[in-house]
Amino acid sequence: GAVVSQHPSWVICKSGTSVKIECRSLDFQATTMFWYRQFPKQSLMLMATSNEGSKATYEQGVEKDKFLINHASLTLSTLTVTSAHPEDSSFYICSARRAADTQYFGPGTRLTVL
Amino acid sequence: EDQVTQSPEALRLQEGESSSLNCSYTVSGLRGLFWYRQDPGKGPEFLFTLYSAGEEKEKERLKATLTKKESFLHITAPKPEDSATYLCAVQANRDDKIIFGKGTRLHILP
Chain W
1 GAVVSQHPSW
11 VICKSGTSVK
21 IECRSLDFQA
31 TTMFWYRQFP
41 KQSLMLMATS
51 NEGSKATYEQ
61 GVEKDKFLIN
71 HASLTLSTLT
81 VTSAHPEDSS
91 FYICSARRAA
101 DTQYFGPGTR
111 LTVL
Chain V
1 EDQVTQSPEA
11 LRLQEGESSS
21 LNCSYTVSGL
31 RGLFWYRQDP
41 GKGPEFLFTL
51 YSAGEEKEKE
61 RLKATLTKKE
71 SFLHITAPKP
81 EDSATYLCAV
91 QANRDDKIIF
101 GKGTRLHILP
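Going down the list, the protein sequences come from chains W and V. Sequence positions in the first sequence follow my numbering and run 1 to 114. Sequence positions in the second sequence follow my numbering and run 1 to 110.
Pulled out of the complex, with its shape left as it was, chain W reads as follows (with noise of 0.2 Å):
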């Protein structure tokens, strides 16, 4: 159990456009979900926290107008990058929470902005 997916999983647009990334909890419902970056060879720095029915909190220096995020339902939250640039280009991750604590990470989703 807890498995988590995300759509796409990887993605090529062109500067200028907006791209949504799906995320879903396939076995579970969660009431919290989280998104993430990660760049090569680092850690995975949180971008916001995303809770079902409700505004997303953003972490500082995360643009909430670029990163539109949604939370519709207990298994689905969407990551929508606006106005897609260069250094937009990352691995987008997202996560559920089942119970109490514990995470379960989609598998990710490689965004190239060319």
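Because the hints were derived from the structure by calculation, they are not lab data. All C-beta atoms, glycine included, are put in the ideal place defined by N, C-alpha and C. Hints should not be assumed to be uniformly reliable.
[Unchecked claim] Taking lysine-lysine and the DSSO-like style, the derived pairs with C-alpha atoms no more than 27 Å apart in a straight line are: (1) V:57 with V:97; (2) V:97 with W:20; (3) W:41 with V:102.
[To be verified] Across the chosen pairs, the derived CB separations fall in these ranges: (4) V:28 with W:57: 42 to 50 Å; (5) W:65 with V:10: 33 to 41 Å; (6) V:39 with W:68: 23 to 31 Å.
Fit chain V to the given chain W structure using the hints.
Relative to chain W, chain V alone:
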């Protein structure tokens, strides 16, 4: 400020050579300490959650232990398929979020 420091940054072992990875932490009220395994280009895979000093958990060749200041991930008789980056993270009582260390890149040579 809550902080997680992992050592060593990288470790190369021969197959069958046991060792330990260290995770030192400072946190105001520990809710939980987590170990994850991450393979290149993939998301972290959950291994263990530890909640209180003295607690130990095992899974196959891995055993995680916890004290008030640090956690160890012991790997016994490792195999090449154990090669990965091992991440340690902590969660404070007051927080939803977890804070990750930079990880230890483990490479097991056949």
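These are the hints, each one checked on the structure:
1. Between the alpha carbons of residue 57 of chain V and residue 97 of chain V the distance comes to roughly 22 Å, so the proposed pair stays at or under 27 Å and holds.
2. Proposed proximity of residue 97 of chain V and residue 20 of chain W is supported: the alpha carbons are some 23 Å apart, at most 27 Å.
3. Taking the CA atoms of residue 41 of chain W and residue 102 of chain V, the gap is near 9 Å; set against the 27 Å cutoff, the hint holds.
4. Here the CB-CB span from residue 28 of chain V to residue 57 of chain W is close to 19 Å, at odds with the stated 42 to 50 Å.
5. Our hint of 33 to 41 Å for residue 65 of chain W and residue 10 of chain V holds, since their Cβ atoms are close to 38 Å apart.
6. Distance hint check: the CB atoms of residue 39 of chain V and residue 68 of chain W are about 29 Å apart, consistent with the given range 23 to 31 Å.
Checked against the numbered hints listed earlier, the structure breaks hint 4 alone; every other hint is satisfied.
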